[in-house]
Each structure stands twice: as C-alpha cells, then as structure tokens.
Amino acid sequence: MSGTTPIPPIPLLPEWQGIPHPVIGMLHAPPLPGSPRYRDPFSQAVTHVLHDAEALLNGGVDGLMLENF
Numbered sequence: 009m010s011g012t013t014p015i016p017p018i019p020l021l022p023e024w025q026g027i028p029h030p031v032i033g034m035l036h037a038p039p040l041p042g043s044p045r046y047r048d049p050f051s052q053a054v055t056h057v058l059h060d061a062e063a064l065l066n067g068g069v070d071g072l073m074l075e076n077f
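Start counting the sequence shown at 9; every next residue gets the next number (this note's numbering).
Derived from the structure by calculation, the hints contain no laboratory data.
We put the beta carbon where it would ideally sit given N, CA and C, even for glycine.
Check before you lean on any hint, since a few could be wrong.
Pair ranges (Cβ atoms, derived) [as the list claims (entries may be wrong)]:
hint: 1; residue 1: D48; residue 2: P14; range: 43 to 51 Å
hint: 2; residue 1: R45; residue 2: I15; range: 32 to 40 Å
hint: 3; residue 1: S51; residue 2: P14; range: 44 to 52 Å
Work out the full structure: start from the sequences and follow the hints.
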C-alpha cells in the first residue's frame, strides 16, 4: 500500500536475545469471576492454568502468554 508507514518490529525480551526462533506458549484461562460463563471456583481456574503452564514448559517453550477473554 502506498502512503502507509511500516510498523517497526517489537524488540524481543532480553532473555530471548540468544534464541533464534523463540516459541511462546499460550495459556487460555477458563471463564473468570465477572464473566458471564463463570461457574467454577477461582481456585479451579488457577489449577487449570498452572497445569497447562507446566505442560507447555515441559514441552520446551521459551515463554508463556496468558489470555483471559
């Protein structure tokens, strides 16, 4: 497209500078308090996210991102 300015790349975290292609694992939280589908205790949501985080880390990811939507 003409007339557009390219967006500069976001710099990597310092911890990832030596990793050629860092892999980021995505943690998907179940419905949290305040959301329409929230039903289970908050502690169950925490347990779910921690379980997934452990699995991703054991699989070798370089970092984690958490979404809660």
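Outcome of the hint check:
{"no.": "1", "hint": "D48 to P14: 43 to 51 Å", "verdict": "44 Å, holds"}
{"no.": "2", "hint": "R45 to I15: 32 to 40 Å", "verdict": "34 Å, holds"}
{"no.": "3", "hint": "S51 to P14: 44 to 52 Å", "verdict": "45 Å, holds"}
The structure meets every hint from the earlier list without exception.
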